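Chain A is already provided as a structure; the job is to place chain S on it using the hints.
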Amino acid sequence: MPTTLEPVTIPSPVITKKPESDDDLDPGYLVICWNDPVNLMVYVTHVFQVVFGWEWKKAEKKMMEVHNLGKSLLTRESLEKAEFYVHQLQKYNLHATMERDSK
Amino acid sequence: MKLIRADHDHFQFKLSRGEMIRLLHVLKLYPLVPATHHRLSKGRKIPNREENQQLLEEALKAQRQENRKHLESMLSEPQRFVKCDAVYHASFTRAEIEWLLQVLNDVRVGSWIALGSPEQREEAIKRLNEQNRPHVIAMDVAGYFEGYFLDTISGELKPGEDPFLPAVLSEAVEFPNPELADAEGMVAVGGDLSIERLLAAYEKGIFPWTVNPITWWSPDPRGIIELDDFHVSESLAKVIRKKPFEVTIDKAFQQVMQGCAIPGPKRRGTWITQEFIEAYTKLHKQGHAHSVECWQEKKLVGGVYGVAIGGLFAGESMFHLVDNASKVALHHLVQHLQKHKFLLFDIQMVTPATEPLGAKSIPRSEYLKRLSVAVVKRCLF
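Chains A and S are the protein sequences, given in the same order. Just so we're aligned: 93 in my numbering is position 93 of the first sequence, and the numbers increase by one with no gaps anywhere. Position in the second sequence (first residue = 1) + 103 = my numbering.
Keep in mind that the hints were calculated from the coordinates and are not lab data. Since we're looking at a predicted model, the values are computed, not measured. Idealized CB from N, CA, C, for every residue including glycine. Wrong hints could be hidden among the right ones.
Restricting the straight-line Cα-Cα distance to at most 30 Å, the calculated cross-link-like pairs of lysine-lysine (DSSO-like) are [said to hold, decoys possible]:
1) S:LYS145 <-> A:LYS58
2) S:LYS164 <-> A:LYS81
3) S:LYS148 <-> A:LYS61
4) S:LYS145 <-> A:LYS81
5) S:LYS148 <-> A:LYS81
6) S:LYS261 <-> S:LYS105
7) S:LYS307 <-> S:LYS145
8) S:LYS354 <-> S:LYS261
9) S:LYS388 <-> A:LYS61
10) S:LYS444 <-> S:LYS463
Distance ranges between label pairs, derived from CB positions [said to hold, decoys possible]:
11) S:LYS186 <-> A:ASP101: 53 to 59 Å
12) A:ASP36 <-> S:ALA189: 36 to 42 Å
13) S:ALA275 <-> A:LYS57: 40 to 46 Å
14) S:ALA162 <-> A:LEU69: 26 to 32 Å
15) A:TRP56 <-> S:PRO262: 54 to 60 Å
The following block holds chain A by itself, in its conformation from the complex:
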């Protein structure tokens, strides 16, 4: 079996108001999932659970954001982690990209 099958659980990103280190000064990278007319809603929810280790309720809320608003910001990460998540989501053929957080 491919090694990437197992659900990957990571702690939710902690965004502190006051920067404490140089890393926090980096604007970071946003992992975004975009709506498309082909992926089944129940499948998108499932993939969010597998990739981020989220509870069903949170995964479904994010899926509904994608569905209703056209996109959802899934997480804010370092460059490397954002790339990892985008790769995971695209492996499942979700329409996901990473964008630089300009804030």
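Here is chain S on its own, set in the frame of chain A:
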């Protein structure tokens, strides 16, 4: 397909032969999504964007190659799919189902891309032809199994329960309740176009629309023409009075079907494949399907055909090579049905061609009620 056993990590399914064929068919299509389909970023502010994009594509490509190898080895395992009487038993672990979901969704998304990434599935259905039909079918079949596997691993589906999804027909001639159709009106997949099955379908308000595999539909709302409310416009009345055509009944059934099968700019015709022509010609020979023809100088210039069961006439399609030929054929058909006291004239869906003639949409529930009365009435066509 039925889930017959489930513990935390192992699931056993029962599949009909038709389901096995369809599952293996879509799995063998993998991979379909081109590695270049996904973009790492929409913006331009990513460091080494092009290089990272290339790395992403390479990673996805390598992974698909690995998946393909794994899939081939899974499909060749003798114990994976075990034939048991007329059905197959298939066993998967939870991790394997997770992985199969990825594979099936690749086929679904890849088929969608091949269809030109339509905003709605109906767009592809509307212009269904020999080229795009396999993609529509692969998309639907992959989606069917995805839904089933997702319901299984989420625990929503308990062993022995049937999913709320279009059923895949087995060799037995029986149809699910048409009210269980999906949002687009698809009731079931598979089966055959035998006389027995076709009649059973029409009696339940279901009709086939595609072959390979055969899909069965019961749209909501349903298009009908009220037999006592057929609109004859002044211009059509004028044409009818002039008697420009010789009109006949059941003189050239197959020719009418062939006429309807030729695609036209304003006519959906391409769904009538050779399989449909052969199946309905058999129905006609047994007295269940009929045609009305319009002739000019001994040449067939228009016609309409459909299936008659009791007091139901299910209009299938019509065509014209000369202006008004299909309208005049339809007018004669309606008169014929009125004369023989038919109760229900089904036209499946209201189209721009039938709307001015009095076609209207009614809820499926109302159609099914009227159908149940019509089919038991004794009427001779």
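Tested hints:
Proximity of LYS145 of chain S to LYS58 of chain A is assessed by CA-CA distance (about 25 Å); at most 30 Å being required, the pair is judged to hold. The straight-line distance between the Cα atoms of LYS164 of chain S and LYS81 of chain A is roughly 20 Å, inside the 30 Å bound, and the hint therefore holds. Pair hint LYS148 of chain S plus LYS61 of chain A holds up; C-alpha atoms about 28 Å apart against a cutoff of 30 Å. Proximity of LYS145 of chain S to LYS81 of chain A is assessed by CA-CA distance (about 17 Å); at most 30 Å being required, the pair is judged to hold.
A hinted pair counts as satisfied when its Cα atoms are at most 30 Å apart, and LYS148 of chain S with LYS81 of chain A qualifies at roughly 16 Å. Distance restraint check for LYS261 of chain S and LYS105 of chain S: the Cα-Cα separation of roughly 9 Å lies within the 30 Å cut-off, and the hinted pair is therefore satisfied. Using a Cα cut-off of 30 Å, the hinted pair LYS307 of chain S and LYS145 of chain S is violated, with the two alpha carbons roughly 50 Å apart. Between LYS354 of chain S and LYS261 of chain S the alpha-carbon distance is near 54 Å, which puts this suggested pair outside the 30 Å criterion.
Proposed proximity of LYS388 of chain S and LYS61 of chain A is contradicted: the alpha carbons are some 57 Å apart, above 30 Å. Distance hint between LYS444 of chain S and LYS463 of chain S is fulfilled; the C-alpha atoms sit about 20 Å from each other, no more than 30 Å. For the hinted restraint 53 to 59 Å between LYS186 of chain S and ASP101 of chain A, the CB-CB distance of approximately 56 Å keeps it satisfied. One distance hint, 36 to 42 Å for the beta-carbon pair ASP36 of chain A and ALA189 of chain S, holds here, with the actual separation near 39 Å.
Range check, ALA275 of chain S to LYS57 of chain A: about 41 Å between beta-carbon atoms, so the 40 to 46 Å window is met. Separation of ALA162 of chain S from LEU69 of chain A is about 29 Å and conforms to the stated range, judged on CB atoms against 26 to 32 Å. Distance hint check for TRP56 of chain A and PRO262 of chain S: the Cβ-Cβ separation is about 21 Å, which falls outside the suggested range of 54 to 60 Å.
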